[in-house]
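Starting from the structure of chain A, add chains B and C where the hints point.
Listed below, chain by chain, are the residues.
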Amino acid sequence: MAQVAPRPVFEPWNEPAAKPLIQFQNVTKRFGEFTAIDNLSLDIYEREFFALLGPSGCGKTTMMRMLGGFETPTEGKILLGGQDIAPVPPNKRPVNMMFQSYALFPHLTVYDNIAFGLKRSDMPKSEIAGRVEEMLKLTRLGKFAGRKPHQISGGQRQRVALARALAKAPKLLLLDEPLGALDKKLRTETQFELMDIQERTGTTFVIVTHDQEEAMTVASRIAVMNDGLLVQVDTPGRIYETPNSTYVADFIGDVNIIEGTAQPAGEGAYTVAWAEGQPALSVQSATELGAGDRCFFAIRPEKVAISAEKPADRPNAVQGKILDIAYLGNISTYHVELPGGVIIKAQTANDRRISRRSFTWEDSVWLSWTATAGVLLAN
Amino acid sequence: MSRKFTWFNATALTLGFAFLYIPMIVLVVYSFNESKLVTVWAGFSTKWYGELFRNQAFLDAAWVTLKVAVMSSTLATVLGTMAAYVLVRAGRFHGRTLFSGMIYAPLVMPEVITGLSLLLLFISLNIPRGVFTIVLAHTTFSMCYVSVVVSSRLASFDRSLEEAALDLGCTPFDAFRSVTLPVIAPAVISGWLLAFTLSLDDLVIASFTSGPSSTTLPIKIFSAVRLGVSPEINALSTIMIAIVTVGVITASLMSKRALVKRQRDEQRAFQQ
Amino acid sequence: MRRFTLIAVPYLWLLALFLVPFGIVFKISLSDAALAIPPYTPTLDLSEGWAGIKALFAELDFDNFVWLTQDDLYWRAYLSSLQIALFSTLGCLLVGFPIAYGMANASESWRPTLMMLVILPFWTSFLIRVYAWIGILSTEGLLNQFLMTIGIISEPLQILNTNKAVYIGIIYTYLPFMILPIYASLERIDGSLLEAAEDLGCSRLQAFWLITVPLARPGVIAGSFLVFIPTIGEFVIPSLLGGSRTLMIGKVLWEEFFSNRDWPVASAVAVVLLLILVIPIVLFQRNEQKQREAEQ
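Protein chains in written order, with UniProt numbering: chain A, 1 to 379; chain B, 1 to 272; chain C, 1 to 296.
Bear in mind the hints are in silico, worked out from the structure with no lab data behind them.
A hint or two may mislead.
[Claimed, not checked] Derived pair list, reagent style DSBU-like, types lysine-lysine, alpha-carbon separation capped at 30 Å:
#1 Lys-148(A) / Lys-92(A)
#2 Lys-148(A) / Lys-119(A)
#3 Lys-143(A) / Lys-290(C)
#4 Lys-137(A) / Lys-125(A)
#5 Lys-164(C) / Lys-36(B)
#6 Lys-345(A) / Lys-185(A)
#7 Lys-125(A) / Lys-184(A)
#8 Lys-148(A) / Lys-290(C)
[Stated by the list, open to error] Interface residues of chain A toward chain C, partial, derived using beta-carbon atoms under 8 Å:
#9 Asn-91
#10 Met-97
#11 Pro-106
#12 Ser-121
[As the list claims (entries may be wrong)] Stretches of chain C that chain A covers, calculated by requiring three or more beta carbons in the stretch to come under 8 Å of a beta carbon on chain A:
#13 184-195
#14 198-208
Everything numeric in this text was worked out from a predicted model, so none of it was measured.
Beta carbons are placed, not taken as given, at the ideal position from N, Cα and C, and that holds for glycine.
Chain A with its partners taken away, still in its complex shape (with noise of 0.2 Å):
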């Protein structure tokens, strides 16, 4: 889950001088009597890496059609570089898009569905060549470029497709679940380098996807949907470390998550009754929560440590019983019964062997993390 930053310094969101490239103001889509996009604002800046994240049906790609110019929007508008796009056909936008099925032309080769947009552009013919040339090359295409779309294979294809859909040189690109027909090897190599790409070629791209691995990789910023809404825009890291509910926080990796209710102990710290005969966990947190609130505690199984001994230097420790462990390799989740019937997941590091490893089912251990490690949420 490691966030490989594009670049520190680049974080026009918080420039309040910075002149976004896409607004979307309050825009609704309804079709029918379903509505797929409610009310919503966001702003888009120059050179993003953007992903658009959610389950199926939260109206990711219908915010990516509204781009593209195939669907639009029943209320609102949607500005590009300050310029109301409603009126603008597809085929007149500075915007392309790589399709989900790649939707490469299968009667023609390699090199002309590459071409195929510039020769419908003001491209003078004798540039044309010259510019499929650059985007063979950028794509690692040049040995296929005679080949039809049906002799290459599937990773192949998805950079057909990029290219394809960068020739034109846009100001926006939009990739609609781009890795999604890919086996998991061949996507995280593909990542790479469409983030290589994207930064070689400056240009903005707006990404959809369901894949939260996905979006933590790639992205500058991520939006996470749920039905039409959007439920928290940030980060990456943000996202993850700082989730603004349940929501966000399940969806986006592994989670425990604690219900109980909340009193404030000073500055930002709180102490979070959660079960009869357990002690209360204490916990700093963001969050503003009144006395007696109902709360969830969401703590990320990475940071809770499993050991034999009750801990003596943090704040919350809690004693279960092993119930099942999951052993991947790299770490190992440890499922852990507490007396209430509660089941926290622990995640360790397997930096040993494992002949050596020290915990086996049913036995009795403490879970200890400290009063940062978690967030508490309201909702």
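For chains B and C alone, kept in the frame of chain A given last:
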């Protein structure tokens, strides 16, 4: 395809289906015409249907046609299914190319040639022409249609089902009867229906292979029509169109219902 | 043993009732017409054994084929059949493509119904569908009545018993054969291809020419062959809707056989017709083969 239904699409469909259906509608409407002149409307009447049912020659021809169609389509279904099985399952054998050639060739063969060649065969073998020879002729060309329909279904059929049956102790024939046949049954039935309609419809081959005592309905209609339009033929056409329409609509409703039921069952199974 | 029976039954059936008859047609096409029963010589006399067979071969010749080239009726009939088949195939394409296109663009829930509406006429008697046009196209028919009522023409048009009626009849009866394969290939086109074309700067019309048409080509080719091949040998339509000047080879063969009772010439006509058909049939098979390979 993208679902952009435009005025152009609507116009194309309206004009196209008007072209396909207006002639038949006109035919049906004028079968209820009082006048003998088919082109002048003189009031509603069903008298031509009465005339038709009193016309013994037509009734005889209809009976012959029906007999031929039932016999030839049944025979063609058996032979065509066997041929399909051979094409898809029998693997390699001597003369396989010739065999598949003989299956596909009749589909594109002009009827006049098929008819002529069969007639010359029957004459050189001294077989008297009648219902029997028409049945032989119809079986020969419609078995090819049956085998094309059935073999496309067989080709998509999961071979391991048969192997599972054999593994569970079936003889090859048992496996065919209890596993393969139920799966390809829809194709076999539509093959039979296709063979049946082809036989009902055929004029040219029947003209070559029929004898004086075995005039089929298309032959009768053809000779009547050559003399001009007659309201009796309109009435006969109306009856035939009605039968086909009811048949096709029933069949498509039934298959649609089966599909809907299947989807519902699958959904239910999924929810459980 | 079972496998042998399974293969042998349909095999022998087709040999006896499909291949052998062609052999006979070929043999008779090399014989001479005679006033006898059957009306040709020589006939095979097996009672004489080998000598009989030799005598038979000695008398066979290509006179009938020479005759076909000498009498211009025949080659004019072949040419006119080809011409009628070609033009009616084009006509079918012009009428059928927009219908197939409309069907492919219709909503998913409508398509089975539209499909049924195209197939329904196909199950209806061919003869009846041709017959329906007689009442419409005749001089006092409905089309002329209609056109005269709305005042486009003052004199009835002579359509029935001309080649025009033949074209209309062929287009009408063979239309489903054109629509169905085109529809099948149009329906397979992924909608995102057209969106991609638009995204890359095409107008709707450009996207249609650059994407839809090339991808519909296999269907267009298949449909065209399905209309062209059987039309060449067509008999019913020219004899019911055509006039005495409509020349089609199927009709010539029929008349040669039934009216002139010249079996050897009729057989020779059939053999030549078959040879002509071999070319489009082979091309058609190749197109189908290519399609199947492309799908894999």
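For each hint, the structure was consulted:
1. With a C-alpha separation of about 27 Å, the suggested pairing of Lys-148(A) with Lys-92(A) holds against the 30 Å cut-off.
2. A hinted pair counts as satisfied when its Cα atoms are at most 30 Å apart, and Lys-148(A) with Lys-119(A) qualifies at roughly 18 Å.
3. Between Lys-143(A) and Lys-290(C) the alpha-carbon distance is near 25 Å, which keeps this suggested pair within the 30 Å criterion.
4. Pair hint Lys-137(A) plus Lys-125(A) holds up; C-alpha atoms about 19 Å apart against a cutoff of 30 Å.
5. Note on Lys-164(C) and Lys-36(B): the hinted pairing holds, with a Cα-Cα distance of about 27 Å set against a maximum of 30 Å.
6. Restraint check: the Cα-Cα separation between Lys-345(A) and Lys-185(A) comes to about 27 Å, which is no more than 30 Å; the hinted pair holds.
7. Only pairs whose Cα atoms come within 30 Å are accepted, and Lys-125(A) paired with Lys-184(A) is rejected, the gap being roughly 40 Å.
8. As the CA atoms of Lys-148(A) and Lys-290(C) are separated by approximately 15 Å, the hinted pair is consistent with the 30 Å bound.
9. Using the Cβ-Cβ criterion of 8 Å, the hint placing Asn-91(A) at the interface with chain C is satisfied: the shortest such distance is roughly 5 Å.
10. Because the beta carbon of Met-97(A) sits about 5 Å from the nearest beta carbon in chain C, less than 8 Å, this interface hint is met.
11. The interface hint given for Pro-106(A) is met, as the beta carbon of that residue sits about 7 Å from the closest beta carbon of chain C, less than 8 Å.
12. About 6 Å separates the beta-carbon of Ser-121(A) from the nearest beta-carbon of chain C, less than 8 Å, and the hint is met.
13. A stretch counts as covered by a chain when three or more of its residues have a beta carbon under 8 Å from one of that chain; for the stretch 184-195 of chain C and chain A the count is 4, and the coverage holds.
14. Only residues whose C-beta sits within less than 8 Å of a C-beta in chain A count toward coverage, and the stretch 198-208 of chain C has 7 of them, enough to reach three; the restraint holds.
Hint compliance for this structure: hint 7 alone is broken.
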